[in-house]
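K.L.:
Generate the whole structure from the sequences, applying the supplied hints.
Chains as they are written, first to last, in the working numbering: chain A, 1 to 358; chain B, 1 to 260; chain C, 1 to 304.
Fair warning: there could be bad hints in the mix.
Reference excerpt, derived from the structure (chain A facing chain B, CB under 7 Å, subset only) [stated by the list, open to error]:
| no. | residue |
| --- | --- |
| 1 | Met170 |
| 2 | Ser202 |
| 3 | Thr203 |
| 4 | Met209 |
Which chain B residues stay away from chain A? Per the calculated CB distances, all over 10 Å, these [said to hold, decoys possible]:
| no. | residue |
| --- | --- |
| 5 | Val8 |
| 6 | Asn14 |
| 7 | Asp31 |
| 8 | Gly64 |
| 9 | His79 |
| 10 | Phe117 |
| 11 | Gly125 |
| 12 | Ile150 |
| 13 | Gln163 |
| 14 | Glu183 |
| 15 | Val221 |
| 16 | Asp239 |
| 17 | Pro242 |
Bear in mind the hints are in silico, worked out from the structure with no lab data behind them. Predicted, not measured: the structure shown is a model, and the values here were computed from it. Quick reminder that beta carbons are idealized off the backbone N, C-alpha and C, glycines included.
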Amino acid sequence: MFYRETGQFKTSYAADQQIFPIRQDRVGIVLLLAAAFVVVPLTAGNYWFNAILIPFLIFALAALGLNILTGYAGQLSLGSAAFMAVGAYAAYNFQVRIDGMPILLSFILAGLTAAGVGILFGLPSLRIKGFYLAVATLAAQFFIVWCLTKFPYLTNYSSSGVISVPGIEMLGFRFDTPQSRYLLVLSIVAVLALLAKNMVRSTTGRAWMAVRDMDVAAEVIGIPLLRTKLLAFAVSSFYCGIAGALYAFCYLGSVEPDGFSLDMSFKILFMIIVGGVGSILGSFLGAAFILLLPIFLDISLPWLAGLLHLPFDSATVSHIQLMVFGALIMFFLIVEPHGLARLWQIGKEKLRLWPFPH
Amino acid sequence: MAREIGEVILDLKNISLAFGGVKALTDISFDVREHEIRAIIGPNGAGKSSMLNVINGVYHPQQGEIVFRGEHRRDMNTHAMAAAGIARTFQNIALFKGMSVLDNLMAGRNLKMKCNFIQHALWWGPARREELEHRRKVEEVIDFLEIEHIRKTPVGRLPYGLQKRVELGRALAAEPSMLLLDEPMAGMNVEEKQDMCRFILDVNDQFGTTIVLIEHDMGVVMDISDRVVVLDYGKKIGDGVPDEVKNNPEVIAAYLGTQH
Amino acid sequence: MQFFLEVLIGGLLSGVMYSLVALGFVLIFKASGVFNFAQGAMVYFAALSVVGCMEKGAPLWLALILAFVVMTLFGIATEKFVLRKMVNQPPIALFMATIGLAFFIEGLAPLLWGNEVRPLDIGLVDEPIAWILDNWNMVISSFDLFAAGLALVLVALLALFFQYTRIGRALRAVADDHQAALSIGIPLQHIWALVWAVAGFVALVAGMLWGARNGVQFALTFTALKALPVLILGGFTSVPGAIVGGLIIGASEKLAEIYIPPVLAGWFGGNFGGIEGWFPYVMALLFLLVRPEGLFGEKHIDRV
Chain A
1 MFYRETGQFK TSYAADQQIF PIRQDRVGIV LLLAAAFVVV PLTAGNYWFN
51 AILIPFLIFA LAALGLNILT GYAGQLSLGS AAFMAVGAYA AYNFQVRIDG
101 MPILLSFILA GLTAAGVGIL FGLPSLRIKG FYLAVATLAA QFFIVWCLTK
151 FPYLTNYSSS GVISVPGIEM LGFRFDTPQS RYLLVLSIVA VLALLAKNMV
201 RSTTGRAWMA VRDMDVAAEV IGIPLLRTKL LAFAVSSFYC GIAGALYAFC
251 YLGSVEPDGF SLDMSFKILF MIIVGGVGSI LGSFLGAAFI LLLPIFLDIS
301 LPWLAGLLHL PFDSATVSHI QLMVFGALIM FFLIVEPHGL ARLWQIGKEK
351 LRLWPFPH
Chain B
1 MAREIGEVIL DLKNISLAFG GVKALTDISF DVREHEIRAI IGPNGAGKSS
51 MLNVINGVYH PQQGEIVFRG EHRRDMNTHA MAAAGIARTF QNIALFKGMS
101 VLDNLMAGRN LKMKCNFIQH ALWWGPARRE ELEHRRKVEE VIDFLEIEHI
151 RKTPVGRLPY GLQKRVELGR ALAAEPSMLL LDEPMAGMNV EEKQDMCRFI
201 LDVNDQFGTT IVLIEHDMGV VMDISDRVVV LDYGKKIGDG VPDEVKNNPE
251 VIAAYLGTQH
Chain C
1 MQFFLEVLIG GLLSGVMYSL VALGFVLIFK ASGVFNFAQG AMVYFAALSV
51 VGCMEKGAPL WLALILAFVV MTLFGIATEK FVLRKMVNQP PIALFMATIG
101 LAFFIEGLAP LLWGNEVRPL DIGLVDEPIA WILDNWNMVI SSFDLFAAGL
151 ALVLVALLAL FFQYTRIGRA LRAVADDHQA ALSIGIPLQH IWALVWAVAG
201 FVALVAGMLW GARNGVQFAL TFTALKALPV LILGGFTSVP GAIVGGLIIG
251 ASEKLAEIYI PPVLAGWFGG NFGGIEGWFP YVMALLFLLV RPEGLFGEKH
301 IDRV
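P.N.:
In C-alpha cells, the structure reads:
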C-alpha cells in the first residue's frame, strides 16, 4: 500500500538509471542519512559510538572492498586484513614522518599504498583462478604481517611493533570526541560507498562481473582480463587500506601487526557471505550482523545459561560464538547464498504487494 | 538477398590445428566475402567450432595464415579481433549469468566506452553522457530483437531460446562488421528457429553485417546462406553455393555414411 | 654439512606430517570434489576426542576406536546436512561452507572437551636416535622417524587401495562424475560415508602424531592451512603428490628458516625469524605461476 510504484513512470534512460528509482526508496535513504548525520550524534552515548557504530562503519568499508574483489570481480581473497594493515601503517608513517601532513591526504596516500601492494599480489590472478588464488592471497596475508613485525622502519622503531597514532586534527579542529570521530568516519564511508555504487553499475562494474561470470567470453567481447582484475585488486585494496587507516586512527588508537590476522580476514569474508556477495547494501548488512552477533551472544548466553542452570564461563561464550559463526555461514550458503541483501530485496517485493498476498 | 556481395574480407589459407595428438583441422582454406552469409556445415566433430575459434583468436593454428581486411594475422588474440569488428556467439551459451539482459548487452559495447574507472566512480559529465548514449544504442538492439519485456531480468533465469537471442543481442551490440554464429538455432523449436532466421537475415540486410554461421539444420542452411563450406574430420570436402554443395557426392557420403 | 643434513632430514620428516593432513584433503576432494577446509579442525577434533576419552578413563586403544567412530559419524552428518544441500552451487561456495564448518568444529571441540593444552602419550619418546647421534653426530628424533614411517605406510596403503581395489575405482569414478557413477550403479551415499570415514581415520592418525609431538592444542587447526601449499605443489587429486608436496614444503620451510634470516639480518640488521610462517605460501604461489595444476595434478582444459 505504501510501497508502490504506480504512477512512477520513467520517461528517460537517465531516470531509469538512478540508484534509487522508486520514490519511496529515495525518501528512505534521505531519512536514513539524516538520522545518521544528525539524530545519532545528538542522542547516542559514547559506548555506542566507540564499540558499535565506528567499528561497524570501518568494517563495512572493508567488506565493501572485499565485495568489489570477491563479489563483483569473482577473485576470492583471504588477505583483506593484511591490506587493512598496510593502510594503517602507511597512514601512520605518512602522518608521523612528514610535518604538517593533512590527515585526509595521509589516508588517501595510505589507500594508494595498499592499492599498490594489492596490485602486486593480484598479478598472479591472470594465471591462477578460483581458490588457488585464495592461497596466493594467504601468502599476502602472512607475508605482509611478517614484514610489518620485522622491518622496524615501518613501525617507527617501536619495540613491539605496536604503534600509537597521533590524534586527528583538520583545519585546527581536533577530532577527539567520539561524536566527531564518528562523523568523520561516517562522511568518509558514505562518500566511498557512493563512489563504489557508481563504479559497480557502470562499465567498470560490468567488466568485473563479466570476468567473474565467464572470463573466456569476457575476453572474446574485448574486455582486457589482466587490467580488469588488477583494477579490482587495486580498488579493493584501496578501500581496505582506508578502512585500516580509520581502524587505527579513529577506532583503536594503537595497533599491532598481529591484530590484522587471518581471523580478521575470515571475519570480513563472513560479512560479505552473510550480507550478500556482489551487493553494496550487503556489505553494510553483513558488517552489522557479524559485529552485533558477539555482543548479542555476550548478553543472551549468560541469561540463557542461567535459565537452564548450565555452567559456563567466558571461554564458553567464545566457543559458542565460533560455533554460531560457522553454523551461520553454512546456513546462509545453503539457504540464501545471496545473503541478507537478497532477503531485503524479497522483503521489499513483498512490501510492494502488501496488503495483498500476490 | 538484397545486399550486394562485396570483396573477400576474410581469407583462410592452409589452416591446421591440433591439440596434442588430435588433429582438429587439416589444411583448410576458404574465403568469406563482405555482406554475405557463409555457412559452415559438417557432421559432429568435424571441427566447425574449432574453425570459428581460430577465426576469432581463441585458438591459434599451428600452420596457416589468416588475412582479415588485408592484414595478415596468425596469432591474433581475442581482444584484437574484437577490436577489429568481429563478434560471436557460442555453442554453449556464454552469457554472463549473474547480470541482467541489459547489462549483458551493455557489456557487449565495452570496446566503445572510453571513460576510465575514476570517471565512472564520480559519475559526472563524460561518464554519464557515455552511459546514456550507449544505452540508447543498446535499446535499439533490444527493440530489434523484441526483448524489451525481459531487459532487467537476470539472464540465468531466462528460458534457453531467449538466452540464445540475448547472446545474439550482445554480439550485435558491438556493431560488428562480421558476426560468427555457432549453432544459433540449436535446441530451438520451429517457431523460435523462424524468429532467429528472420533476425539473422535482418541483420545481414539492414546492417550489412557479414555472417559466418555453423548450423545443423539443412533447411535453414540452404535457405539463407549465400555460400557453404563443408567440413568432415577436420578437412574441407565441399565449398560453393548451396545447390552445388547439396549435390556433391562426397558431402552426401559424409552425412549419410558409405562403405569405406 | 652435517648441520644441513640434519635440518634437511628434520624438515623432510615434519613434511611427512604435513602430508598426512594433506592426505585427508586429497581423499575428500578425490571422492566428492569438495575442498574440505575443515580438515585441520577435524584433526584437532580427533586428537581432542582421544585425550578426552582417555581422561575419562578409557585406555588408549578404546579411545582411538571411539574417536574413530565419532569422526565417521561426524563426517556422514556433514555430508548429509551440509554438502548434499549445496549440490548445485559452484565449488567456491562449497569451499566457503567448509570454512564455516571449520569454525563450527573449532568451537564445538573445546566446548565438549575443554581447551587446555594436553599432552598425548602414545608410548613414543621424542629423543635423538642414539646410533645416528654417535656415528654421524646428527640429531634425528626417533619419534619423527616413526611418524614418517607410519605416514608412508598409510599413503602406500591408500594409493594401492585407490588404484587396485573395486571400491577404490568406485571412489575415483564418483570423483570424476557423480551422475555417471550413479548411472552405473555405484551407491553414492555409501561411497561418501566411506570416504569421510577414511578421511576421519587419516585425521585421527595425523591428530595422534601431531598431538603427541606438540601437545593437543588449538594450534593444531593451523596445520590445515599449512597443508594448502602441500596440495598446490602435489596437486589436489594425487595421493603420492601429497607425500612429495609435503616433503618439499617441510624441507624447504625448515631450510629457509635456518638459512635466510642470517642473510636478511646481514642486509638490514635485526631479527628475521618466523619465515616458515609465510615461506610455504610464497613458494606455492611461485609454483602456481609456473604450473597451475601442481606436480601430479590433472591439467584443466576450458572448453568453449
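K.L.:
Are the hints correct? Go through all of them and say.
P.N.:
Hint by hint, here is what the structure shows:
| no. | hint | in the structure |
| --- | --- | --- |
| 1 | Met170 | violated, 22 Å |
| 2 | Ser202 | holds, 4 Å |
| 3 | Thr203 | holds, 5 Å |
| 4 | Met209 | holds, 5 Å |
| 5 | Val8 | holds, 24 Å |
| 6 | Asn14 | holds, 25 Å |
| 7 | Asp31 | holds, 23 Å |
| 8 | Gly64 | holds, 21 Å |
| 9 | His79 | violated, 6 Å |
| 10 | Phe117 | violated, 4 Å |
| 11 | Gly125 | holds, 13 Å |
| 12 | Ile150 | holds, 15 Å |
| 13 | Gln163 | holds, 13 Å |
| 14 | Glu183 | holds, 16 Å |
| 15 | Val221 | holds, 24 Å |
| 16 | Asp239 | holds, 26 Å |
| 17 | Pro242 | holds, 29 Å |
Figure legend: structure checked against the earlier numbered hints; hints not met, in rising order: 1, 9 and 10.
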